[in-house]
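Could you build all of it, start to finish, from the sequences and the hints given here?
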Amino acid sequence: MTQLLQVNNLTKTYGGPSVVNSISFELEERTSTALIGPNGAGKTTTLSMLAGLVTPSNGTILFQNQPKTDIRSSIGFLPQYPKFFPWLSALEFTEMAARLSGVEARQALEDAKKTLEFVGLGDAMKKRTGTFSGGMKQRLGLAQAIVHKPGLLLLDEPVSALDPVGRRQVMNLLKELQQETTILYSTHILNDAEEMTDQLLFLRKGTLVENGSLDSIRNKYENPRILIEFETEEELVRFETVSPWMVTKVRKMATIDAVKAGVGISEVLALLHSKKFSIRKLEMQTASLEEIFMKVVMEG
Amino acid sequence: MNSFSVLLRKELRENVRNFKLYWIPIVFVIFGILEPVTNHFLPEIMKSVGNLPDGAQFNWPQFQGEDIFVSLMSQYQTIGILVIILAFMGTISSERKNGTATLLYVRPMSFGSYFLSKWIVINGIILGSVWLGFFAAWYYIQILFNPVAAGDVFAFLATYSVWIIFAVTVVLFFSAWLSTGAAAGLSIVVLLILQIIDSVIGAFWTVSPWKVSTYATMMFSSISNQSGFWMSIGVTVVLIGALMFLGINSAKRNAAKTTV
Numbered sequence: 001m002t003q004l005l006q007v008n009n010l011t012k013t014y015g016g017p018s019v020v021n022s023i024s025f026e027l028e029e030r031t032s033t034a035l036i037g038p039n040g041a042g043k044t045t046t047l048s049m050l051a052g053l054v055t056p057s058n059g060t061i062l063f064q065n066q067p068k069t070d071i072r073s074s075i076g077f078l079p080q081y082p083k084f085f086p087w088l089s090a091l092e093f094t095e096m097a098a099r100l101s102g103v104e105a106r107q108a109l110e111d112a113k114k115t116l117e118f119v120g121l122g123d124a125m126k127k128r129t130g131t132f133s134g135g136m137k138q139r140l141g142l143a144q145a146i147v148h149k150p151g152l153l154l155l156d157e158p159v160s161a162l163d164p165v166g167r168r169q170v171m172n173l174l175k176e177l178q179q180e181t182t183i184l185y186s187t188h189i190l191n192d193a194e195e196m197t198d199q200l201l202f203l204r205k206g207t208l209v210e211n212g213s214l215d216s217i218r219n220k221y222e223n224p225r226i227l228i229e230f231e232t233e234e235e236l237v238r239f240e241t242v243s244p245w246m247v248t249k250v251r252k253m254a255t256i257d258a259v260k261a262g263v264g265i266s267e268v269l270a271l272l273h274s275k276k277f278s279i280r281k282l283e284m285q286t287a288s289l290e291e292i293f294m295k296v297v298m299e300g
Numbered sequence: 001m002n003s004f005s006v007l008l009r010k011e012l013r014e015n016v017r018n019f020k021l022y023w024i025p026i027v028f029v030i031f032g033i034l035e036p037v038t039n040h041f042l043p044e045i046m047k048s049v050g051n052l053p054d055g056a057q058f059n060w061p062q063f064q065g066e067d068i069f070v071s072l073m074s075q076y077q078t079i080g081i082l083v084i085i086l087a088f089m090g091t092i093s094s095e096r097k098n099g100t101a102t103l104l105y106v107r108p109m110s111f112g113s114y115f116l117s118k119w120i121v122i123n124g125i126i127l128g129s130v131w132l133g134f135f136a137a138w139y140y141i142q143i144l145f146n147p148v149a150a151g152d153v154f155a156f157l158a159t160y161s162v163w164i165i166f167a168v169t170v171v172l173f174f175s176a177w178l179s180t181g182a183a184a185g186l187s188i189v190v191l192l193i194l195q196i197i198d199s200v201i202g203a204f205w206t207v208s209p210w211k212v213s214t215y216a217t218m219m220f221s222s223i224s225n226q227s228g229f230w231m232s233i234g235v236t237v238v239l240i241g242a243l244m245f246l247g248i249n250s251a252k253r254n255a256a257k258t259t260v
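Residue numbers (UniProt numbering), protein chains in the order written: chain A, 1 to 300; chain B, 1 to 260.
Calculated directly from the structure, the hints in this document are not laboratory data.
Facing chain A, a subset of chain B residues (Cβ under 7 Å, in silico):
hint: 1; residue: 3
hint: 2; residue: 10
hint: 3; residue: 17
hint: 4; residue: 98
hint: 5; residue: 99
hint: 6; residue: 100
hint: 7; residue: 102
hint: 8; residue: 105
hint: 9; residue: 106
hint: 10; residue: 108
hint: 11; residue: 109
hint: 12; residue: 256
hint: 13; residue: 260
Derived BS3-like pairs: lysine-lysine, alpha-carbon spacing no greater than 30 Å straight-line:
hint: 14; chain 1: A; residue 1: 127; chain 2: A; residue 2: 137
hint: 15; chain 1: B; residue 1: 97; chain 2: B; residue 2: 252
hint: 16; chain 1: A; residue 1: 83; chain 2: B; residue 2: 252
hint: 17; chain 1: B; residue 1: 252; chain 2: A; residue 2: 68
hint: 18; chain 1: B; residue 1: 257; chain 2: A; residue 2: 83
hint: 19; chain 1: B; residue 1: 20; chain 2: A; residue 2: 83
hint: 20; chain 1: B; residue 1: 20; chain 2: A; residue 2: 137
hint: 21; chain 1: A; residue 1: 113; chain 2: A; residue 2: 83
Cβ atoms here follow ideal geometry from the backbone N, Cα and C, with glycine treated the same way.
This is how it looks when you write it as structure tokens:
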């Protein structure tokens, strides 16, 4: 895979503490990367710096291995709440967007039509954007971001403001786009990230606290535990005496930290079976995505 | 240049669809018609509705056609300038504030094209309106008063246009630099209040942008101070250029303030 974007020590300071504090990451071509963090973590500022709206206080951006400060001609940007000139129709706006990004006049009109069809605004392309609903605006926002076929798509909370149906539709569009372009998007909803992400970047208070694939982050934070519920408390006490592993007791339940104890569920099952324990439940528990999110971005 | 033509078309569409291209000329033309007509019929109007006692005698001033041009200009100097400020104070600042500018700024457009497209369209609308207004007045002046030499009228209009372009540039510059409210306030200070100050204590100097309109009125008689006139025009043109340069830079620097 070839590298599309390399960000080194990107920093933004407005006088006080850094809003974005020396973050570095790389984006491979045709991958999707989620920028994850709570509100105020610096997601929008990071995207704005890449989009050329905000000048970084420090740091370098390499696009296709070339140092660049202005990559506006190679990107498509969708703000969290895209605002359109209410007196332009969807087609007029998308065409203008394409032309401002350097597409030839005739080609721009054609591309604009195709793109609006793609995002599902084929019937509404002649309508003025002032009459559009939230979902339509989000789709038009996506259309203006992709109409000039940019190498890098920057999306700020692309689905957060949408209802479940709109969210589903936009996610499906993004999955299609994933085939042909590189996507960097911010979100605070991990379930969205789970669906279409190769790489996760966790931001906390402007600092990049975790960077990796979903699987690697899962492995690191899912904290697998084996939980056994016994029929009686006596059985639990008896289990404790024979168990070679550290056991945490809560009423009739025992919990074993699988990683610390270095044990799998089959070994536990074998022991329970050989000593004839009567149990009610045996299960492997892992942290949910929400728990991982809380763990990575909230804790110090 | 490509982005310039696209932005120019956007500005034109905007001003057609928000009706500024229509209502602003109408306002200026209405004043242009009212000025000669009311001045001509003032004695009759006063006689019928003025509640004058029987036998009251007034010596109404005998206006010349040239005087009507000048009094229409002083209407434009207050109401016309206010129209310019109110209609265009948010040209750049409100695009920034409501976030519509964001989707323009993230594209590889130059801020020179951005500023210039607005400057050209606004100047086109305002200059067109001012000229239309004076032409409407001229038509009634020819009928109701004396004919005025076309050469004088065009010299007057050309000179006054320099001041109008200056006024538009001031408003646009403040809109690029500040928020809409501050842009309106400072535009009023620069275009209306400084104008009053210049006319009160301006006898001590002859060169200033605020004197351009006074020099324009002299086109109907004779210019007492040729060099003062040309210096004022020169200073105003240089200021227009400087304000455009600063406006482009402000628009660029303030791009980060756009609502994302």
